[in-house]
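Asks: Below, each chain spelled out in residue letters.
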Amino acid sequence: MKKKSEKKGLVALIGSLSLIVILAALPFAVAQAAEKHETIKIGIAQPISGGWAAWGVPVDRGARLAIEDVNAAGGIKIGGKTYLLEAVTEDTQAESAIAMAAFKKLIYSHKVGYILGPMSSANNKIVQPLTEENKVIQLFHGSFPPNPDDYYNFRGTLIGEQYAPAAYAALMQLYPEIKTVAILNRDEEGGWINQKVARNVCKALGLRIVADEFIDPKEKDYYPILTKILTKKPDFIGMGMIAPGYHALLIKQGREMGYKGPFLAPTGSDTAVVLDIAGAKAAEGLIAVGTADYIGLATTSLMKDVGQRYLKRYGTQDAWSLEYYNNILYIKAGMEAADSIDPKDVVKVWRTPGFTMPSVYGDVTWVGQEFWGINSIASCPLPYTQIRNGKEVVLGVVTWEDMKPLVNAALGK
Amino acid sequence: MNRNDWLKWVSLAAVVIALFLIPVFIKNPYWMLVLTLLWNYIIVAQGFRYIATTGEYSFAHVPLMGMGGYASALLVMKLGMSFWLALPLAVLVTAIISAIIYYPCLRTTGTFFFFASFAFGEVMRLCWVRFKNPFGGVGGLSHIPRPDPIHIPGLPIVEFTLFSHTSYYYLILVFMLFSVLTMYLLENSRLGAIAAAIKESKILASFVGIRVWRYEMIIFVIASAFAALGGCLYAHYMTLLVPEEFYWGLAIYVCIWAVVGGMGHFTGPIVGTIVFGLIKELLRPFPQIVPLIYGLILAATLALLPEGLISLPKKILLWNKRRLSRLRRDK
Amino acid sequence: MNAPLLKIRDATKYFGGLCAVNRVSFDVHQGEIVGLIGPNGAGKTTLFNAITGFYPPTSGKVFYKDKDVTGFKPHQLVERGISRSFQLITLFSNLSVLRNVAISLHLQTDIDFWGSLFHTPSYLKKQKVAETKIMEILRYTGLENFKDTLANSLSHGYQKTLNFAIAIGTNPELLMLDEPLCALSPERSSAIQKLILTVRDKGVTILLIEHNMKALFPICDRIVVLDAGVKIAEGTPKVIGENPEVISAYLGGAVDVSETR
Amino acid sequence: MTLLYLQMIVNGTMIGFQLALFATGLTLVYGIMLIINFAHGELYMLGGFAVFLFFDQLRLNYFVSLALAMIVVAIVATVTERIFFKPMRGQHIPSFIMSCGLVFVLQVLAVLVFDVKDKAVDSVFPGVVKIFGVTLSMERLAIIVISTVIISAFYIFLQRSRFGRAMRAVMQNPEAAALQGVNIDQVCSSAMGIGAALAAAAGGLLAPVFILNPWIGPDLTWEGFIVVCLGGKTSLPGTLLAAFILGYIKSFVSTLADPMVARMCSAAILGIILTLRPQGLLGHE
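Just so you know, the protein sequences line up as chains A, B, C and D, in that order. Per the numbering used here, residue 1 is the first one in the first sequence, and the count goes up by one each step. Per the numbering used here, residue 1 is the first one in the second sequence, and the count goes up by one each step. Per the numbering used here, residue 1 is the first one in the third sequence, and the count goes up by one each step. Per the numbering used here, residue 1 is the first one in the fourth sequence, and the count goes up by one each step.
Hints in this document: simulated from the structure, not taken from any laboratory. Glycine included, C-beta positions come from ideal geometry on N, C-alpha and C. Hints may contain errors.
What the hints assert, rightly or not - Under the rule of at most 35 Å between Cα atoms (straight-line distance), these lysine-lysine pairs were calculated in the DSBU-like manner: (1) Lys199/B x Lys194/C; (2) Lys199/B x Lys280/B; (3) Lys232/A x Lys132/B; (4) Lys348/A x Lys111/A; (5) Lys202/B x Lys135/A; (6) Lys202/B x Lys67/C; (7) Lys128/C x Lys238/C; (8) Lys232/A x Lys404/A; (9) Lys111/A x Lys27/B; (10) Lys202/B x Lys128/C; (11) Lys8/B x Lys321/B.
As the list claims (entries may be wrong) - Non-contacting residues of chain B with respect to chain C, defined by C-beta distances greater than 12 Å in every case (computed): (12) Glu159; (13) Val174; (14) Leu186.
Could you put together the complete structure from these sequences and hints?
Replies: Now the structure itself:
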């Protein structure tokens, strides 16, 4: 009797102990399961705080959305191993010292092999050698043309030299009667480059530039500068690198000053913002290339889907967000093709001619050889659109092929 | 030399040795960069405080730093000078320019001087923006050559390349120690006494035979020269100069570092710069809230420690003493 | 009697329209104590300021040792040996008494900059000399017990004294005191009177403004009386005391002034 | 050609009114508390966002939301004055640093509440008026009118009301005012409140015309300081004069030369005035 009870107690004791052990072991087992795949860090060096955040934050969002999608789709499988992507964001504030620190932290502390950024061309000048020497792939969108020596330096989207020509070509189709133009740009490095391009294109298209102005990036009241421009009676006003809010203001105030002709917004326009600020009536007839309204001008189902999920997640659509979504897809494709996560191998694959990668725009390749001596620009097609009675209408899509002749013009050849 | 002095000197030596040993322990280039920039900013902040020993706060300090950078960069790039020759020349040029800037500000004091100096600094900065040649306009100057290697017979050659983090560290550390030491000596020299007199009362100073204007100008020029030194080192370290970065943003930060660190004591700006710099880097994962933290620290310091962070230990001792005395009273 | 140390000729000062000092002339001779008196607004301090280069006189000349020093800057005058104190106490408030006097001494100690920068032995020797000078001044101004207290934490009387000490520190030949005795307790006042006399015995000529006649008469050799910017009388205290014009203009008021103090 | 110049004058007037409305508050705060309030531009930004919230989001009447914005910002400012600025009245640099801290905090809060994207408030007075070929949008005309009303109301308040006179007295000579039994603390915090309200009014009025983002503050603050120093730090008429001078300079120079030169001119003029006449155009020693 007594013994039995003892035995019972012993059993109970053992049972409970084993139960505890199992319960304790369970998380470890799960952890083990989780340990099956490793992570690849993707560095995002963008201005997250400060005046440039309006550009940097969308990039961060787009890239992170892409990374989530990739991981949700089971990550990247290489040599039987499954890798998940992990985003590491560092703030650059578009200032040299801070950007340099951000890049060094990403490269040396986080040991990342792929960096999306920086935003400002000025920053790129100092961090580019760093990534080059450390064999780190750097994906960004700079308004200045690529340099043949920058082997690890890629542009995830078409650049100023292509935007402007596409836009102007579209314009000429719509308004053949145009003779005189006024071109405007931010008084800033990117602006200077775009202005040069615009000048070349106008020369090539036989347009006469009557006003060639730079606007103070901090200025919000454009009456003075518009007064100056409108006395020259331009048939249309072409705007270059001007942030959406600001070129919306230009359009609004231009209309107030009695300008009737069409406006042109070559890069990174944002229909929603323009319509919100300038109002449908003023914005009527605005021609833009590659605006933020990805859903509106979706050319593929993927683009529409991603655009909608982005909108649902963040409540807005941002220029450049999906370009950086693409960048992640490029990286994934490169890794899988190279069957390695090492940037060196990925670059080799990317540099092989005719290597195609998926993007929200459909398949793209790295192009630019014949113009800049190196294939490091993703040949995203550019939908060009016009705002007609308060809606953005896709007029057509400029592909890399039918843009080539214009690029020569843009380069002043 | 009493025991206290001995303690001071020993601890000072220990700190300097520690500074020189840091690269042995910290190999990560990222941290080297952070520290190097910190030392560089200390030069500037210390100069800012040095002007303030006469009671004036100069807002032209950071533009003058930029001027130093531009001067040496242009000397090296356009005239093909060696960095080691361009550095002193640039400092000299900037000193002259600072004298030119200061001269019209002679009659202004206090807030008026603050804004007048801001105005002239801003005009100078906008000149860099406006005149693409030679200043490179908004894009600024890029690909500024790095310092030439140092050949000392019998010693290994010191290279300055993209990867020579430690040599940059030592370069800027040495210049920082030099500037700090110089300004310390100046402050304890006759010039320092005169500065103190001017700070207290310009009228009385002039009535005991001090040429107030002359000495204010001398001090302003010396301080600006140190700002220029910082600018040169920055330019040839970053290899890029952008006018935008010498706008009020950095000027305000320098002002904050110095004042929150504590203007009253010589080590104030050093402490301020290090504290704020490190906070910024340690909070990198949360860029959005860094300014928030800055703001809170500012408010707390100015409210609780008018003497600046430097007076924290003293304050703590004081509070402690108060507490003890209160306890004794209660007993 | 030798040539006067300080000659003032037709000193005139206008502020906009109104005339604060009108064609005042008088001499100050080596080694005497001259009192400058007059009712409030008589232009005493204005005259002082005009002489000491605070602002130049509108017209008229100031000669010091027969040299024209009209409109000289304060530091130039200090270099030539003219020093002044202020009616409203002006000190290097946040510095110790010692440093206050030390600064005032800085012109005499011919310290070279580099020496002071690196604290060379010669510099330290000179410092010693300066120290002794400072201590001497502090001793006979009776401030030595306070040498380490901050100037602004001194009592009013001692601040006045420090003001005086700073003026002496520049080692002047002519010392101009602006109301050194006003608003002082009797003992401080008498102490400063003694001080003035000792300084005079060290060969310093003194020109002082004062309200307090009682304090002034015993120590002055001569007195100049201003009224409404015009010199109305000059002479020994005795003469002035009997001058009816002065009495009508001033003394009547002054007595109760000195009593209400 | 004359048309061009007329247009320039109109543009200049417009800029002048913006600056006047903004800088009046700045002058008031400086003149009474002797602090350099670098956060004034942030109060302007808050005013703008408040109107965005009340008018654009909650769909209240524009003027109601403008009034609400002014009140809210005034309260915020008064509270901050009590907490942060009270201890450092008359100390320029500490107050400047403190206000910098305030700038950081307010910007971060703005980013966290309203995103980084550029915002716009629906235009209230659509349409354009043309007087002899000179163009001016309706909303700008409205701004000119409303800010005239606000500024003159403020001046009448200063001239007529007892409290206003107390404020002027403090501006002229704090000690004397205190001796005459003016409650300095009360005057200071209400000055801060009124100044903030004016800044908020500027923000709310300009919100429909321009755009809103968390970083519009500081640059305007610098212009405000230029105006204040130019006009004389404690002289309100001087502020108005300076505002219009600066407005016309900006308008004319950026039309005839280019905006960068205009900025250079305004800075240069500040420097020159301060060196030739430190107390400013209409300021007194």
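Asks: Of the numbered hints stated earlier in the document, which are not met by this structure?
Replies: 5, 7 and 14
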